[in-house]
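Q: If you want the building blocks of each chain, they are given just below.
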Amino acid sequence: GAGVSQSPRYKVAKRGQDVALRCDPISGHVSLFWYQQALGQGPEFLTYFQNEAQLDKSGLPSDRFFAERPEGSVSTLKIQRTQQEDSAVYLCASSLARGGSYNSPLHFGNGTRLTVT
Amino acid sequence: GENVEQHPSTLSVQEGDSAVIKCTYSDSASNYFPWYKQELGKRPQLIIDIRSNVGEKKDQRIAVTLNKTAKHFSLHITETQPEDSAVYFCAASMGAGGTSYGKLTFGQGTILTVHP
Chain R
1 GAGVSQSPRY KVAKRGQDVA LRCDPISGHV SLFWYQQALG QGPEFLTYFQ
51 NEAQLDKSGL PSDRFFAERP EGSVSTLKIQ RTQQEDSAVY LCASSLARGG
101 SYNSPLHFGN GTRLTVT
Chain Y
1 GENVEQHPST LSVQEGDSAV IKCTYSDSAS NYFPWYKQEL GKRPQLIIDI
51 RSNVGEKKDQ RIAVTLNKTA KHFSLHITET QPEDSAVYFC AASMGAGGTS
101 YGKLTFGQGT ILTVHP
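Those protein sequence lines, which keep their order, are chains R and Y. Numbering follows my numbering, in which position 107 of the first sequence is assigned residue number 107; successive positions increment by one, without gaps. Numbering follows my numbering, in which position 33 of the second sequence is assigned residue number 33; successive positions increment by one, without gaps.
These are calculated hints, taken from the structure and not from any lab test. By construction, the Cβ of each residue, glycine as well, lies at the ideal position given by its N, Cα and C atoms. Accuracy of the hints is not assured; some may be wrong.
[Claimed, not checked] So the derived label-pair ranges between C-beta atoms look like this:
| # | chain 1 | residue 1 | chain 2 | residue 2 | range |
| --- | --- | --- | --- | --- | --- |
| 1 | Y | Q81 | R | L96 | 24 to 34 Å |
| 2 | Y | K42 | R | F66 | 24 to 34 Å |
| 3 | Y | R51 | R | D63 | 29 to 39 Å |
| 4 | R | S62 | Y | P116 | 41 to 51 Å |
| 5 | R | G16 | Y | Q108 | 25 to 35 Å |
| 6 | R | N51 | Y | E15 | 40 to 50 Å |
| 7 | Y | T69 | R | Q84 | 39 to 49 Å |
| 8 | R | Q84 | Y | N67 | 36 to 46 Å |
| 9 | Y | Q45 | R | S58 | 17 to 27 Å |
| 10 | R | T115 | Y | A29 | 35 to 45 Å |
| 11 | Y | G16 | R | S58 | 38 to 48 Å |
| 12 | R | S87 | Y | K42 | 10 to 20 Å |
Pulled out of the complex, with its shape left as it was, chain R reads as follows (with noise of 0.2 Å):
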C-alpha cells in the first residue's frame, strides 16, 4: 500500500514490559513523526527523524521511550518499563520534504494503541 504502516495494530503489555513499536513510512519520505494520541485528547509530538538523525526528541516523556530509524526507512518506538500512564494510541507521520512543509503535509498511520495493564 501506498500509506504509513503501523504495526502492531494493538498491544496489551502488562506493567513493567518493554514493548516495541514499528512505523513503515510512505516509500522515499524524508521526514518522520512519532506523536502519542492519549484518550479523548489531541496528538503530541515526541520526536522527529531526519532520514536516518534524529534530530528532535524534545517530546519524549521520559527516558523510558527511546525511537530509532537506523537505515532512514522503517522507524522503532520502545518504551522500556511501561506504565500505566504510557496508554495511548501512538501515531506515526512521514511527510517527502525535510521537516515536513506546506507544500508536503504529514501522512499519519493508524496508530498502535497501547494498553498497560
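Let chain R serve as the given structure and place chain Y on it in line with the hints.
A: Just chain Y now, with coordinates in the frame of chain R:
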C-alpha cells in the same frame, strides 16, 4: 512553548446546517495551521491548511480563516452531511528556519455530530 485551545469540545448540527470550530494559539511565531479530521479508530487526515500570509482559504464546503493579530483561526463547514461526523483537530507549527511544519501542537479536538 506553543499552546492551542479549541472550542467547542462537542458540536451537534442538523444535516445541511453550517458548523464552525474555533482555535486560538499563543505563540506569534506560529505560521502554519492545519486542520485534521479523525474518525473513530482511524488516522488523522488533513482536510485543509493555511499559512500565516493568507487570511482565508476555501476548498468546496470547507473554509479556514486566520486572524494573526488576534491569534485565532477557525474552520467552517457548510452544508454539513452525516459523513462529516468525526473529531476535528486544529494544530499550529512554526515552519521553516530550522524547525519544521511537522512539529505540530494540536488542540483538544471537537466531536462533530451531524444528524440526518
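Q: Determine for every hint whether it applies to the structure shown.
A: Against the structure, the hints:
A beta carbon spacing of about 31 Å between Y:Q81 and R:L96 agrees with the range 24 to 34 Å that was offered as a hint. Taking the beta carbon of each, Y:K42 and R:F66 are about 27 Å apart, inside 24 to 34 Å as hinted. For Y:R51 and R:D63, the hinted distance range of 29 to 39 Å is satisfied, since their beta carbons lie about 36 Å from each other. In this structure the hint that R:S62 and Y:P116 lie 41 to 51 Å apart at CB holds, the actual value being about 46 Å.
The hint said 25 to 35 Å for the Cβ distance between R:G16 and Y:Q108, and at roughly 31 Å that hint holds. A hinted range of 40 to 50 Å for the beta carbons of R:N51 and Y:E15 is consistent with their spacing of about 46 Å. Checked against the given bound of 39 to 49 Å, the beta carbons of Y:T69 and R:Q84, roughly 43 Å apart, stay inside it. At roughly 41 Å, the beta carbons of R:Q84 and Y:N67 sit within the given window of 36 to 46 Å.
One distance hint, 17 to 27 Å for the beta-carbon pair Y:Q45 and R:S58, holds here, with the actual separation near 26 Å. In this structure, R:T115 and Y:A29 meet the distance hint of 35 to 45 Å, their C-beta atoms being roughly 37 Å apart. Distance hint check for Y:G16 and R:S58: the Cβ-Cβ separation is about 44 Å, which falls inside the suggested range of 38 to 48 Å. In this structure the hint that R:S87 and Y:K42 lie 10 to 20 Å apart at CB holds, the actual value being about 19 Å.
In terms of the numbered hints stated before, the structure departs from none.
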